[in-house]
Each structure stands twice: as structure tokens, then as C-alpha cells.
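Go ahead and model the full structure; you've got the sequences and the hints to work with.
In this note's numbering, the protein residues as written are 1 to 91.
If you are wondering where the hints come from, they were derived from the structure by calculation, not from laboratory data. Fair warning: there could be bad hints in the mix.
[Stated by the list, open to error] The calculated label-pair distances, taken between Cβ atoms and stated as ranges, are:
(1) Val89 - Ala13: 16 to 22 Å
(2) Gly40 - Arg81: 17 to 23 Å
(3) Arg7 - Val76: 19 to 25 Å
(4) Val37 - Asp2: 19 to 25 Å
(5) His86 - Arg62: 37 to 43 Å
(6) Gln65 - Asp30: 37 to 43 Å
(7) Arg32 - Glu63: 32 to 38 Å
(8) Ala88 - His48: 38 to 44 Å
(9) His86 - Pro55: 29 to 35 Å
Every residue gets a Cβ at the ideal spot worked out from N, C-alpha and C, and that includes glycine.
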Amino acid sequence: MDGAEMRAGGVGAVRDVRHPVDLAVEVMRDGRHVLLVGDGASRFARSHGVEMCDPSTFIIDRERQQRGGEGQGDTVGAVARDSHGHLAVAV
Numbered sequence: 001m002d003g004a005e006m007r008a009g010g011v012g013a014v015r016d017v018r019h020p021v022d023l024a025v026e027v028m029r030d031g032r033h034v035l036l037v038g039d040g041a042s043r044f045a046r047s048h049g050v051e052m053c054d055p056s057t058f059i060i061d062r063e064r065q066q067r068g069g070e071g072q073g074d075t076v077g078a079v080a081r082d083s084h085g086h087l088a089v090a091v
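Right, dumping it as C-alpha cells:
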């Protein structure tokens, strides 16, 4: 989200994008969409040169053992404010 320019871009349910926040920024820069999810988001990422990865990259062995497989997930968030008071958000 770019509050100064009133622009936003978001992605959800992506499993094969190494850095989803990079994809969200690309969605925002492209300007045709505000939110892309799932396979459509992955296609957009590939067509815009966003770094992809194997989905298993995100699951470490310890988590796989503790959770008894896949199916549970979590997310992280970040908010930053620069010296001019501009905010950037990633969730």
C-alpha cells in the first residue's frame, strides 16, 4: 500500500512465489488490479518476472513433523513509517 499515492496491491493464496510482498508491489505498480489470488496471482508473477520457487521451500522438516503434515498456515505483517510520515504496510 502506498498511502501517499493512494495505491494498493495485494496477493493471497500463493504457494510458489518466493517473496509474496514483491508480487504485491508488482500488482500495485501494474495498476490493473488491486488483489490477485491463487493460480491467477502465480501466472501474473511469472509474466512479470517475479521470483518463483517450489512450494515445499516454505515448509521445514520440523514444522512438517510437528503439524503432522500440511493444512495449517500462518502469516506475518509489517508496518513502516518514513521520516515524512508515509506508511508502508505488508501483511
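Check: Any of the earlier hints contradicted here, and which numbers?
Finding: 2, 8
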